[in-house]
Amino acid sequence: MDKPIVFKQVSYTYNDQSPFAVGALHDVNLTIPQGKVTAIIGHTGSGKSTLIQHLNVLVRPSQGQVQIDEEVVTAQSKHTSLKALRKKVGVVFQFPEAQLFAETVIEDVMFGPQNFGASPEEARQIAQVQLERVGVGPDLYERSPFDLSGGQMRRVAIAGVLALEPQVLVLDEPTAGLDPLGHHQMMTMFSQLQKENNLTMIMVTHQMDDVGEYADYVVVMEQGTVVKTGTPQEIFADPQWLSQRQLGLPKAMAFLEKVHQRISDLPKLTPAPISVDQVADYLVMAKQEQGQKSATRPVTEEAIQHG
Amino acid sequence: MDKMILGRYLKLDSWIHHLDPRTKLLASFYFILIVFLANNLATYVALTGFMVLAVVLSKVPLGFFLKGVRPLILLILVTVAFQVFFMRGGQVYFHQGPIMITQAGVIGGAFIFARLVLIIFMSTLLTLTTAPLELTDGIEHLFQPLTRFGFPAHEIALMLAIALRYVPTLMDEAGKIMNAQRSRGVEFDQGSLMQRMKSIIPILVPLFISAFNRAEEMALAMEARGYRGAQGRTKYRQLTLTRQDLFAWLGLVVLTGILLYLRQF
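Which chain is which? The protein sequence lines are S and L, in order. The numbering used here puts the last residue of the first sequence at 694; the count rises by one with no breaks. The numbering used here puts the last residue of the second sequence at 583; the count rises by one with no breaks.
What the hints contain is simulated information worked out from the structure, not anything from laboratory work. Cβ coordinates follow ideal geometry from the N, Cα and C atoms, glycine included. It cannot be assumed that every hint is accurate.
[Claimed, not checked] Which chain S residues face chain L? A few, computed with CB under 10 Å, are given here: (1) Asn443; (2) Lys470; (3) Phe482; (4) Gly504.
[As the list claims (entries may be wrong)] Below, a sample of chain L positions facing chain S; criterion: calculated Cβ distance under 10 Å: (5) Glu491; (6) Lys494; (7) Arg500; (8) Pro520.
Chain L extracted, bound-state conformation (with noise of 0.2 Å):
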């Protein structure tokens, strides 16, 4: 579980990770969105090209990005080899029996491959740029118009800023749980099924009582401090849009005007 880099921070000093977190949630949507405008060579050229530049700037090191793919690469493999081996159409590279690789195959195995490893950078990029806390006022602000409708868009906010916050705690309980329980000789990876379920007994039902004893004392905790809800409530951290934004903006815009021109050919 630790390997895993999807979805955690790395603190910088970046052009990226300076950009407003607001800029960064919906530009990561919207380049996933036209992802898929993409349908030749030179449109996902052009898309790599602007990932890169992104990755660039974000000074990430590139290894970050590639262990953020390993996870998924099995899920990534089985696309494109549904891709290659079911899709017919154009030059016969290979026949026999009911397997044909076909040039559109071939193709779309690529394009296919090509799309998820730019979503899963993308995604990489914004979670790798953008603390959790940043998120969750981007995600509370661009909610904020629905307010009107009745929708509890800080309310929503804080318990996504509350579970991202207990995110490492909880692990770091569950690791501790899982080592004091494995020392009275539980074993998590040994036996049938069966019995591998059981043995997670002794660690969710510890799990879930401190979660329930956590979230009381934190309750108790807020109240003391005074909080009675959305209203009234001024902000610490005041999110800004700075010339930046308006520079990443454009690049998307620019992008998308490239992509729509080069879909033609």
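Isolated chain S, as found in the complex (with noise of 0.2 Å):
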């Protein structure tokens, strides 16, 4: 997939034409970078979800339209090639667990690439090496995916998802409900498979720190629409506009801002450091270079306390 996703004016009503109509979205104009992580943002019901769901065609837009690779979707479009377009697409559904059915684990990661036409042999062959890149042992193989714990079956569900081997991966929060060492791993999982295979990774998330660490590109939504859209240096640039939103800044941003309140003095770097190792980098320098500065000028104290 060389293109971008490009939304033109979508917009999306539940239940359309009849007295419960609702509207979900409403004039989304969006290019998803082809390669890049994208982080879509935004209060709970800005419409997030249903934004992701046009990505592979489980829904199709009320007005506009969707342009995925080589395919327009618009309203009035059917499809054919839904099929190729939902393989090329993958998408980790919010607690992903719920979508497990088969009897065995490997079986159920078996039936997405079933589906698409692989044999037996070669889908137990992309299962095995999607299972083991979760994190799930063959000794778990055999067993019913119920029996497993819910981390567990949280990976054997996205594995399910990755065996699709899609181009672009779509992911619903992908770690909500996870421990934090589950969360890391995950969220570093998903980067390394991201940067391997250069594939395009879009994430919705609540997770500010994970969007510092990991997005390229920054999306915000409220009440189903676009309303900004940049890199995290931009959308962090201003953490009024996000605090009206409902959104913050991520851990390590707000710890620098907090830094800069009490150290008056600290040169402040543009575009900002935004992930936990930018800021500890730009600390460690910022000391050498008070250090050096030290040399030729003691600080005491008194001149601490007062910045």
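If you follow the hints, you should be able to join the two separate chains into one complex; please do so.
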């Protein structure tokens, strides 16, 4: 897939043309860069999940058009090549463990590839690779997925999506409800996978830390439309604007803000550091610079207290 | 499924909405019963007049009722067609081979049509104006006298209340699971009948599993909050009959009287 995904004036209404019609998206214009990590953030109910359902044509726009690869999807378009499109775009839904159904773990992961025409042997091979990737060992292959722990079920479900070998990976809060270690492992795994295969990755998240650590591009949604797009630097440059939209800064950035408030002569960096690593690098550098200064001008305790 | 109107509740502030759910339940059943009293044009006009009054009082837009009828339109048309083609009597309008359309047929068809539409309108009115929990409260009260004979009125009402509460949740969940499996390449609307039936399994299994899990969690949460069954429970929502209910019943009694009178002609 070499083309970005483009939304042109997309609107979507649930229960269209019924008395219970609810508008979910309106006038969405958006270009999702290819081969990058895009984070979609926004308040609960801002239309994030509806937006990602357009990405593999689970819903068709009520108005406007979505261009995915060569395919242009509009309200009228009929789909013969829909299946091919669904193989290109893999979606990990919220709480994906709810989609497990097969008798054994391995069969469940094999299910996707087989639907797309892989032979059982091929499917088994793919399943083994993907299960290994998510950290599920061969001793679990023949177990029932319902015997596993919540975290393991999540891994198996994610392997089931990765087994489609998609070129676009869509993640709807993939780590919601995982423990910190599981969260870290999962995000690292996704990040590696994305880099190795140059995937287009789209993640919906409420975790600004993840946005800061992993995203190249950020889309902010509010009340069913896109209100801002840009690099994480651009988006996080205005904390007030974000907090008005019930959003915040990554912890590392918020921490740096506090440091800046206390030490006013600390030089500010543009673009501002965002991830934990960047903030740490910046502070080390600042300390070294200060060390050089203090060699010529001794710092008294008083001077530190008054900045 | 989202276009289904029958069985949904529309929150409005109207005369009908404020009626006691027991009144609404019994009155709907009663109305459906007296629909069968009607046997000529005048009686149907009277019933329709009453229905129109109820619809106006409920403030529910007419569109909802028309959409409520829509899923059943085929059933209605087939029934009407049977009447028109097979009832014989009176003046013959059309006759060719075995097909014969007579006056009795046409009138019978029209009556059946009116009857079905009236019944559907009334049931739609009941569910559109009564919140599910009100309905179960009403049912519990109405079954209360039967507890003397060992009938588990409270348990049945509780099950009803929980079932109704979880209908939208389970529908939601089914939709989500369906989407997830579609993303994994399942196509629900393609292939042979056998294939289509097979494609239901990846939805049904997770749905049942999640229903089991939900039931377990819910039972635990209820016990943790001190639920011990019907004995010694008080009620948060008290049902009280008001003057409005009296008027509603008076209306129905008057309607019955009118119907019985008009029937003779």
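Review point. Which hints, by number, does the structure contradict?
Key: Structure breaks no hint.
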